[in-house]
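For the protein sequence lines, the chains are A and B, in the order given.
Numbering that gives the first Met the number 0 numbers the first residue of the first sequence as 0 and each following residue consecutively.
Numbering that gives the first Met the number 0 numbers the first residue of the second sequence as 0 and each following residue consecutively.
Everything labelled a hint here was simulated from the structure, so no lab data went into it.
Hints are supplied without guarantee of correctness; some may be wrong.
Computed list of chain A residues with no C-beta within reach of chain B, every gap over 10 Å [unchecked claim]:
id : residue
1  : Pro-14
2  : Leu-15
3  : Ile-17
4  : Leu-18
5  : Lys-21
6  : Met-27
7  : Arg-34
8  : Met-36
9  : Thr-38
10 : Lys-44
11 : Ala-47
12 : Thr-53
13 : Glu-56
With a straight-line Cα cutoff of 16 Å, these simulated EDC-like cross-link-like pairs (lysine to aspartate or glutamate) come out [to be verified]:
id : chain 1 : residue 1 : chain 2 : residue 2
14 : A       : Lys-22    : B       : Asp-157
15 : A       : Lys-22    : B       : Glu-27
16 : A       : Lys-22    : B       : Glu-148
17 : B       : Lys-78    : B       : Glu-26
18 : B       : Lys-78    : B       : Glu-19
Source: prediction; values computed, not measured.
Glycine is no exception: its CB is placed at the ideal position from the N, C-alpha and C atoms.
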Amino acid sequence: MNFDKELDAKGLNCPLPILRAKKALAEMTSGQVLRIMATDPGSVKDFAAFAKQTGNELLSTAEQGKEFEFYIKRK
Amino acid sequence: MNMPTDQAALDALIRQRLDEILPQKLEELKASKTPSMSIIATKGTLDWAYPPFILGSTAAALGWDVQIFFTFYGLNLLKKDVGDLKVSPLGNPGMPMKMPFGPDWFKGIDWNKFLMPNLIQSNLPGFESVATMLMKQTIKNNGVATIDELRSLSKEADVKFIACQMTVELFGFSHDDFIEGIDYAGAATFLPVAQQSDVCLFM
């Protein structure tokens, strides 16, 4: 999937991946896509809730071993 | 003209239209309202420093309006240097004491369980400092943010910090002891905002 910006949140724990993602999204323009890499297992549910609440669309969630990959489209 | 019948028909029509329109209207109103949260932070130890800043910064990231009212020992969380916040297993049987280094079997031992009774721990000089050091290392190893980091992120995200002026004086603090950008106020300032908050928490 194409993306405009990438955020490496590997090794970070709650709530840092969400806070960093929020910051990254704030610097992007509407329609742009952010790719996030994380290792926090809680981030799967957290990013879904974050997207639902903020209106930024969670395009996909993927799991590879102990790593998680999220694509979020900025509102 | 039969008034009562017209009236009844009109009422029925209004009721029917309301049933159709109201749910969506309420949904729209709910969606357009910015959620809000008020927290009272009363504890001044390293472990209790986390909940207000984690929830405050996260709520702000979700787009909520957040205010945190710091009172009594919670004022410690507003000091310029939060590096000296401590945690103690003393009187806290729920806190495991684990080593943040060494092989996994070693890290898995909960020393608090069999090392020594709580009463004796309290008499050991520097025990609290050791426990604090171990927890800080564990926090670092697990990629958990420091209090200073979470506090800065909260501040950046416009979380409102209010220090209880009464306890500032009670404990002999001065405003110079605390970070910039804090409001100093009392219960009468907190309550009206808390009243309007969707989430209100005491910590």
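**Asked** Checked against the structure, which of the hints given earlier come out wrong?
**Response** Checked against the structure, the hints that fail are numbers 1, 2, 3, 4, 5, 9, 12, 15, 17 and 18, while the rest are satisfied.
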